[in-house]
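Chemist: Letter by letter, the chains look like this.
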Amino acid sequence: MKKHKLLPLSETMHYILLALREPLHGYAMMQKIEDMSAGSVRIAAGTMYGAIENLLKYHWIVPVETQDTRRKVYQTTAEGLAILAAEQQRLQRILSLYEGADRHDKV
Amino acid sequence: MIKFKIFFDIEKEEQWLNHMLSEGWVCANVISGGFYTFKKTDNLERVIRIDFQQDLKKEERTNYKQLYEDFGWQSLKEKSYDGSYYWLKRKDGNDELFSDNDSQIAKYKRLMKHSSNWAIIFFIWLMMFYSNDNFYPFNIKDAYFTPGLWDKEGFSFAFSFLFETPLAIMRFIVPWLFFITFSMYVIMYFRYRQSIQQYTE
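Those protein sequence lines, which keep their order, are chains L and V. Read in order, the letters of the first sequence are residues 1 to 107 in the working numbering. Read in order, the letters of the second sequence are residues 1 to 201 in the working numbering.
Hint data in this document are derived by calculation from the structure and do not stem from the laboratory. Hints are not guaranteed to be accurate.
Straight-line alpha carbon distances no greater than 25 Å define the calculated DSS-like cross-link-like pairs of lysine-lysine that follow [unchecked claim]:
#  : chain 1 : residue 1 : chain 2 : residue 2
1  : V       : K39       : V       : K109
2  : V       : K40       : L       : K72
3  : V       : K65       : L       : K72
4  : V       : K89       : L       : K72
5  : L       : K5        : V       : K113
6  : V       : K89       : V       : K12
7  : V       : K77       : L       : K72
8  : V       : K39       : V       : K3
9  : V       : K65       : V       : K79
10 : V       : K39       : V       : K58
11 : V       : K89       : V       : K65
12 : L       : K72       : L       : K57
13 : V       : K12       : V       : K77
14 : L       : K72       : V       : K58
15 : V       : K58       : V       : K77
16 : V       : K40       : V       : K79
17 : V       : K109      : L       : K5
18 : L       : K32       : V       : K89
19 : V       : K39       : V       : K57
20 : L       : K57       : V       : K40
21 : V       : K12       : L       : K57
22 : V       : K89       : V       : K3
23 : V       : K113      : V       : K141
24 : L       : K32       : V       : K65
25 : V       : K109      : V       : K79
26 : V       : K40       : V       : K3
27 : V       : K113      : V       : K77
28 : V       : K79       : L       : K72
29 : V       : K109      : L       : K3
30 : V       : K3        : V       : K77
31 : V       : K77       : V       : K91
32 : V       : K79       : V       : K3
33 : L       : K32       : V       : K91
34 : V       : K58       : L       : K57
35 : V       : K39       : V       : K89
36 : L       : K57       : V       : K109
37 : V       : K113      : L       : K57
Sequences are here, hints too, so could you generate the full structure?
Modeler: Written out as structure tokens, the structure reads:
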């Protein structure tokens, strides 16, 4: 199988997909991610805009209807959640290696 | 104050605008075709960044601008015909438009694609207008093809001259437009390579 262009997920994409498990607009996403990462990840405007466009293209997030007519609000789709689940497995295997597990062990 | 300056390199343009700002001149408006207006300012703790987005539809543009404004950026240009957007913000330590390498590289890629599209269009145009024995990018007189035009006088001259002027301008300007867009492509290609190298080193 050909590797997807956005996989493995970059730090930016990872945080956005995780943050958008609840509906948020761009700026609120940045704030939430800053919080989630204990201040270590602060996504800039251009990076946020490009990431949203990219994730929309692959239907990993979708715009959702809200009262806010000025700002678009997005949420992670079922496809996006499936990507997160696959990434979780991949990262868990790596973490288990950090913790000294044998590489043949089941995670 | 109005200034005229042509840039091949968007990064140099950004540096120049920030240099003007550091000397107390903040860019108030970017008029197309290389014209900029500046206002005197005491507030030097600000930063200007240039972004490039190709072909935003009206709704996409509203959405794009709203997002940047939410992040504290103020637009210096109402409408963009060429895809460039100029942003001004108070300095607060988060003064870049891009926070990861992927998105920085993607900007150069958009610029590269844009300039190569134009370079190809002008190249085709150039091929349509040019033959080997006529080369007129330095002297606009050579771009007039009417035989004996410059020996004519009075009404006869005025008529032929005005009739051919639009064509002559087109012939004259196309090699220059090709040269400009091709140079922009080459510069953006190097910026793109550079950003990839930074990423992998």
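Chemist: None of the hints should be skipped; say for each whether it holds.
Modeler: A quick look at each hint next to the structure:
1. Distance check on the hinted pair: K39(V) and K109(V) sit about 33 Å apart at the alpha-carbon level, beyond 25 Å; violated.
2. Proximity of K40(V) to K72(L) is assessed by CA-CA distance (about 36 Å); at most 25 Å being required, the pair is judged violated.
3. With a C-alpha separation of about 12 Å, the suggested pairing of K65(V) with K72(L) holds against the 25 Å cut-off.
4. For the hint pairing K89(V) with K72(L), the CA-to-CA distance comes to about 22 Å; that is within 25 Å, so the pair holds.
5. With a C-alpha separation of about 19 Å, the suggested pair K5(L) and K113(V) falls inside the 25 Å cut-off, and the hint holds.
6. Among the hinted pairs, K89(V) with K12(V) is consistent with the structure: their alpha-carbon atoms are about 19 Å apart, no more than 25 Å.
7. The suggested pairing of K77(V) with K72(L) holds, with an alpha-carbon distance near 22 Å, which does not exceed 25 Å.
8. For the given pair, K39(V) sits about 11 Å from K3(V) by alpha-carbon distance, which is consistent with the 25 Å threshold.
9. Between K65(V) and K79(V), the direct Cα distance comes to roughly 11 Å. Compliance with the 25 Å bound is thereby established for this hinted pair.
10. For the given pair, K39(V) sits about 29 Å from K58(V) by alpha-carbon distance, which is inconsistent with the 25 Å threshold.
11. Between the alpha carbons of K89(V) and K65(V) the distance comes to roughly 14 Å, so the proposed pair stays at or under 25 Å and holds.
12. Pair hint K72(L) plus K57(L) holds up; C-alpha atoms about 15 Å apart against a cutoff of 25 Å.
13. A hinted pair counts as satisfied when its Cα atoms are at most 25 Å apart, and K12(V) with K77(V) qualifies at roughly 18 Å.
14. Taking the CA atoms of K72(L) and K58(V), the gap is near 14 Å; set against the 25 Å cutoff, the hint holds.
15. Between K58(V) and K77(V), the direct Cα distance comes to roughly 15 Å. Compliance with the 25 Å bound is thereby established for this hinted pair.
16. Proximity of K40(V) to K79(V) is assessed by CA-CA distance (about 23 Å); at most 25 Å being required, the pair is judged to hold.
17. A distance of roughly 15 Å separates the Cα atoms of K109(V) and K5(L); the hinted pair therefore holds under the 25 Å criterion.
18. Proximity of K32(L) to K89(V) is assessed by CA-CA distance (about 22 Å); at most 25 Å being required, the pair is judged to hold.
19. The suggested pairing of K39(V) with K57(V) is violated, with an alpha-carbon distance near 31 Å, which exceeds 25 Å.
20. Our distance criterion of 25 Å between C-alpha atoms is broken by K57(L) and K40(V), whose separation comes to about 43 Å.
21. Pair hint K12(V) plus K57(L) does not hold up; C-alpha atoms about 32 Å apart against a cutoff of 25 Å.
22. Note on K89(V) and K3(V): the hinted pairing holds, with a Cα-Cα distance of about 21 Å set against a maximum of 25 Å.
23. For the suggested pair K113(V) and K141(V), the alpha carbons sit about 34 Å apart, so the restraint of at most 25 Å is broken.
24. Simply put, K32(L) and K65(V) have alpha-carbon atoms about 21 Å apart, close enough for the 25 Å limit, and the pair holds.
25. With a C-alpha separation of about 22 Å, the suggested pairing of K109(V) with K79(V) holds against the 25 Å cut-off.
26. Distance check on the hinted pair: K40(V) and K3(V) sit about 13 Å apart at the alpha-carbon level, within 25 Å; holds.
27. A threshold of 25 Å between alpha carbons decides the hint, and for K113(V) with K77(V) the separation of about 22 Å falls inside it, so the pair holds.
28. Taking the CA atoms of K79(V) and K72(L), the gap is about 21 Å. The hint holds against a cut of 25 Å.
29. A C-alpha spacing of about 21 Å is found between K109(V) and K3(L), which places the hinted pair at or below 25 Å, so the restraint holds.
30. Between K3(V) and K77(V) the CA atoms are separated by roughly 15 Å; this keeps the pair inside 25 Å, and the hint holds.
31. Of the pairs offered as hints, the one joining K77(V) and K91(V) holds, with about 20 Å between alpha carbons and a cut-off of 25 Å not exceeded.
32. Between the alpha carbons of K79(V) and K3(V) the distance comes to roughly 19 Å, so the proposed pair stays at or under 25 Å and holds.
33. Our distance criterion of 25 Å between C-alpha atoms is met by K32(L) and K91(V), whose separation comes to about 22 Å.
34. Between K58(V) and K57(L), the direct Cα distance comes to roughly 18 Å. Compliance with the 25 Å bound is thereby established for this hinted pair.
35. A threshold of 25 Å between alpha carbons decides the hint, and for K39(V) with K89(V) the separation of about 15 Å falls inside it, so the pair holds.
36. Among the hinted pairs, K57(L) with K109(V) is consistent with the structure: their alpha-carbon atoms are about 18 Å apart, no more than 25 Å.
37. For the suggested pair K113(V) and K57(L), the alpha carbons sit about 19 Å apart, so the restraint of at most 25 Å is met.
Violation of the numbered hints given earlier is confined to hints 1, 2, 10, 19, 20, 21, 23; the remaining hints are satisfied by the structure.
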